[in-house]
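The listed protein sequences correspond, in order, to chains P and R.
Residue numbers for the first sequence follow this note's numbering, so the first one is 14 and each next one is one higher.
Residue numbers for the second sequence follow this note's numbering, so the first one is 14 and each next one is one higher.
Errors might be hidden in some of the hints.
All copies of an identical chain are treated as equivalent in the list; a pair is satisfied when it fits inside any one copy or across any two copies.
Said to hold, decoys possible - No more than 30 Å apart at the CA atoms, straight line, and that leaves these computed lysine-lysine pairs for DSS-like: (1) Lys-193 x Lys-85; (2) Lys-220 x Lys-69; (3) Lys-115 x Lys-69; (4) Lys-115 x Lys-198; (5) Lys-32 x Lys-179; (6) Lys-114 x Lys-85; (7) Lys-114 x Lys-179; (8) Lys-32 x Lys-198.
Treat the hints as calculated values from the structure; they're not laboratory data.
There are 2 protein chains.
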Amino acid sequence: MKIKVLKDVLEANNYIARKIREELAKRQAMMINIIGSPGAGKTSFIIKTIEVLDVKAVVIEGDVTSDIDSRKVASFGIPVVQVNTGGGCHLNANMIDLALKKIPVENAVIFVENVGNLICPASYDIGEDFKLAICSVPEGHDKPFKYPAIFEKAGAIVLNKVDLIKHVDFDRDTFYEGVKTLNPKVSVFEVSSINGDGIEEWGQWLKSQFMEKINR
Amino acid sequence: MKIKVLKDVLEANNYIARKIREELAKRQAMMINIIGSPGAGKTSFIIKTIEVLDVKAVVIEGDVTSDIDSRKVASFGIPVVQVNTGGGCHLNANMIDLALKKIPVENAVIFVENVGNLICPASYDIGEDFKLAICSVPEGHDKPFKYPAIFEKAGAIVLNKVDLIKHVDFDRDTFYEGVKTLNPKVSVFEVSSINGDGIEEWGQWLKSQFMEKINR
Numbered sequence: 014m015k016i017k018v019l020k021d022v023l024e025a026n027n028y029i030a031r032k033i034r035e036e037l038a039k040r041q042a043m044m045i046n047i048i049g050s051p052g053a054g055k056t057s058f059i060i061k062t063i064e065v066l067d068v069k070a071v072v073i074e075g076d077v078t079s080d081i082d083s084r085k086v087a088s089f090g091i092p093v094v095q096v097n098t099g100g101g102c103h104l105n106a107n108m109i110d111l112a113l114k115k116i117p118v119e120n121a122v123i124f125v126e127n128v129g130n131l132i133c134p135a136s137y138d139i140g141e142d143f144k145l146a147i148c149s150v151p152e153g154h155d156k157p158f159k160y161p162a163i164f165e166k167a168g169a170i171v172l173n174k175v176d177l178i179k180h181v182d183f184d185r186d187t188f189y190e191g192v193k194t195l196n197p198k199v200s201v202f203e204v205s206s207i208n209g210d211g212i213e214e215w216g217q218w219l220k221s222q223f224m225e226k227i228n229r
Numbered sequence: 014m015k016i017k018v019l020k021d022v023l024e025a026n027n028y029i030a031r032k033i034r035e036e037l038a039k040r041q042a043m044m045i046n047i048i049g050s051p052g053a054g055k056t057s058f059i060i061k062t063i064e065v066l067d068v069k070a071v072v073i074e075g076d077v078t079s080d081i082d083s084r085k086v087a088s089f090g091i092p093v094v095q096v097n098t099g100g101g102c103h104l105n106a107n108m109i110d111l112a113l114k115k116i117p118v119e120n121a122v123i124f125v126e127n128v129g130n131l132i133c134p135a136s137y138d139i140g141e142d143f144k145l146a147i148c149s150v151p152e153g154h155d156k157p158f159k160y161p162a163i164f165e166k167a168g169a170i171v172l173n174k175v176d177l178i179k180h181v182d183f184d185r186d187t188f189y190e191g192v193k194t195l196n197p198k199v200s201v202f203e204v205s206s207i208n209g210d211g212i213e214e215w216g217q218w219l220k221s222q223f224m225e226k227i228n229r
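The following block holds chain P by itself, in its conformation from the complex (with noise of 0.2 Å):
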């Protein structure tokens, strides 16, 4: 007999998330990982782009503590499963295995809010298709310099909050040299979950990434 010996929390986790992929693949699922800062607007940007989506989409609500996220999610009518870390500043693999056995994620895309956190959660593997780093204009142009690992392995990057451009000293350039620079062939998107600007765009491109995925 063969002893498997994880040598460590990380090597655990990723044997984990390798399971929940091949697992969603067969469910002709799609996973998307979302980290940002507290206050980026995770929760609202899921919600708008759920209301363009033309495909059944399920909610992850990663906090700390409390549901307010959550209830927010679901007074939308959306499917959603809270995740407490209690303390914890990122989810892992484990905790998303078993949000998935509460919630039918068949032909579904499935939102994961991750804790708000621009640095912790980039390091772990939850199963997810791809991260999307979500940043917001308000937070500054310099993010991409400053908190590099998340941006270097986003599958998408969303600046939000671009409502507010004309009232903070936000320089495009200089944001777009930093995502470039980390990660040349990603794609941005510029949106605002108040005025919807952007919201189509982005919304479409998922759908693509969607339908590629299960037509594969």
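Given chain P's structure and the hints, the job is docking chain R onto it.
Relative to the frame of chain P, chain R by itself:
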């Protein structure tokens, strides 16, 4: 001979933090541990505060990577030390211990800008006199409910970017309800580092805390 065994990382950290606290008391210095999300406006707030603070001031800049903020601070002629965590999501006492060897802190207020993260830094004592939680209006009024640890532990709370309040959905009553539930006696300062609102009042409070400490 007795051998001191340090039970865990946090105990080792707290041991160094206590030593720092003793040392700073001897040197008549006060240290503030400034904790907020990426983009809360920590650096500009520190610079604006030092402009009105009629006391010697130095800065320790914590960042995952990059020296963007310390160059900004230095451009105002303020003594500053950069600490890069190399991926780490918070400062610890050992990093501060090393940084304090590089900068003269006698009779000074030491502003420590922690890594942009509203979760992990709350758990680490770095030898500070108090933790300052800083959040900004565009992040939304629900931050105390969603990231309670730092709001509970803070010796002062700053609500930054109040100049943007007319452009976003921010309910002061909800914000203060969260703060007062977690930390009933804490002083809260509403400021704008852009137009200077509230900085004078906050600076006077800070100076009074400093004078109280060094005259004890």
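Status of the hints after comparison with the structure:
{"no.": "1", "hint": "Lys-193 x Lys-85", "in the structure": "between (34 Å within a copy, 23 Å between copies)"}
{"no.": "2", "hint": "Lys-220 x Lys-69", "in the structure": "within (10 Å within a copy, 57 Å between copies)"}
{"no.": "3", "hint": "Lys-115 x Lys-69", "in the structure": "within (16 Å within a copy, 57 Å between copies)"}
{"no.": "4", "hint": "Lys-115 x Lys-198", "in the structure": "neither (35 Å within a copy, 41 Å between copies)"}
{"no.": "5", "hint": "Lys-32 x Lys-179", "in the structure": "neither (46 Å within a copy, 48 Å between copies)"}
{"no.": "6", "hint": "Lys-114 x Lys-85", "in the structure": "within (22 Å within a copy, 49 Å between copies)"}
{"no.": "7", "hint": "Lys-114 x Lys-179", "in the structure": "neither (44 Å within a copy, 43 Å between copies)"}
{"no.": "8", "hint": "Lys-32 x Lys-198", "in the structure": "within (28 Å within a copy, 49 Å between copies)"}
The earlier numbered hints that this structure contradicts are 4, 5 and 7.
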